[in-house]
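Asks: Residues per chain are reported as follows:
There are 2 protein chains.
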Amino acid sequence: MEEIKRIKRELKHSGSILDIYEDTMLLPDGREAKWDFVSHRTGAACVLAIKPNGKIIMVRQFRSALDRITLEVPAGKRDSVNEDTKICAARELEEETGYRAGKLERLLSLKSTVAFCDELIDVYLATDLQKVGDQNLDDDEELDIEEYDLEELMDMCYAGTLQDSKTVAAIMAYAARKNR
Amino acid sequence: MEEIKRIKRELKHSGSILDIYEDTMLLPDGREAKWDFVSHRTGAACVLAIKPNGKIIMVRQFRSALDRITLEVPAGKRDSVNEDTKICAARELEEETGYRAGKLERLLSLKSTVAFCDELIDVYLATDLQKVGDQNLDDDEELDIEEYDLEELMDMCYAGTLQDSKTVAAIMAYAARKNR
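From first to last, the protein sequence lines stand for chains A and B.
The letter at position 140 of the first sequence is residue 179 when you use this note's numbering, and the numbering goes up by one with no holes.
The letter at position 34 of the second sequence is residue 73 when you use this note's numbering, and the numbering goes up by one with no holes.
Isolated chain A (complex conformation) (with noise of 0.2 Å):
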């Protein structure tokens, strides 16, 4: 592999949660080109919480980066870069859901997008249910719980009606982890 190199980083827009840069790079024949990299602040965190029941805990919410509504597991960015997380996914699924986990293990590390963008998103699997209030929302979310069988939601990936990147990867983990 003839190396491309990196020789300059320019911020373009700061938003929200995400710094945009123009990336610059030298490519193998000597000429440049200019690559786009969207670094997310933070980070986040995502949970497969599993009932004692087999149900799986899923959320559905507004997306506007789709324009539609999504079903995804329980998910959220982390407080800061420092935050362990699986203590973000903890605080996250008990916001969104209003569960606590009395297990919960690291099932992947996923880098959402790698062409383009550091996102980190730790998926958790979560066990021991126990339901300990209602859900505790921030002030830009909005989400309906619901509750899937394992087998319902890999019909739907395969379908490709569930598309969530992270939810697919999670739930396919789970089952092939099964199955091993």
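Take these hints with a grain of salt, some might be off.
Copies of the same chain are indistinguishable here, so a pair counts whether it falls within one copy or spans any two.
[What the hints assert, rightly or not] Capping the alpha-carbon separation at 20 Å, the derived lysine to aspartate or glutamate pairs in EDC-like fashion look like this: (1) LYS73 <-> ASP106; (2) LYS217 <-> GLU190; (3) LYS73 <-> ASP177; (4) LYS73 <-> ASP58.
By construction, these hints were calculated from the structure, which means they are not laboratory data.
Only a predicted model underlies this, so the values are computations on that prediction, with no experimental measurement involved.
Here the structure of chain A is known, so what remains is to put chain B in place on it, guided by the hints.
Replies: Chain B in isolation, oriented as in the chain A frame:
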């Protein structure tokens, strides 16, 4: 679920492959919030390519966004929003690896990171592979080809060393389907 509505979308930066917007959202309590929106102009496709001996063809390349080399399934952007992702998948597989797929079926449709981006990545499963040539890369691509067993790749996902979300989703969806 109460309604969060977008009342304004403003272009902040046009990059090489992305357009960056600031969305103004009206929250249920009447206040406004600013959300980031990253539009990926073309969308993309990727390919889980399985050789007759069961080996999976992977590519290794430098990702400036992560400042490191990644291991991924072959992938690439569509030439335009009108291109069928299946055509895109076949082309990228052949360009990046020199293999042509006798059979190419859609395995998943992913949205890489729904909180702020509309990028679509359709995931295809390629079998009946035939070597038809050598790599034929774009000017700004440099990548090495490697081959792995499914079990090795699954171990790397669970260990957190293979992190690319489209690749993790593809591997796990294939593994889960095999044992269904």
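Asks: Is the C-alpha distance from LYS73 to ASP58 at most 20 Å within one copy, between copies, in both cases, or in neither?
Replies: For LYS73 and ASP58, the Cα distance is within 20 Å both inside one copy (16 Å) and across copies (14 Å).
Asks: If the cutoff is 20 Å on CA atoms, where do LYS217 and GLU190 land: within, between, both or neither? Let me know, please.
Replies: Both, since 12 Å and 14 Å are each at most 20 Å.
Asks: Is the C-alpha distance from LYS73 to ASP177 at most 20 Å within one copy, between copies, in both cases, or in neither?
Replies: Only across copies: LYS73 and ASP177 sit 14 Å apart there, 37 Å inside one copy, limit 20 Å.
Asks: If the cut is 20 Å between Cα atoms, do LYS73 and ASP106 qualify within a copy, between copies, both or neither?
Replies: Intra 29 Å, inter 16 Å, cutoff 20 Å: inter-copy only.
Of the numbered hints given earlier, the model fails none.
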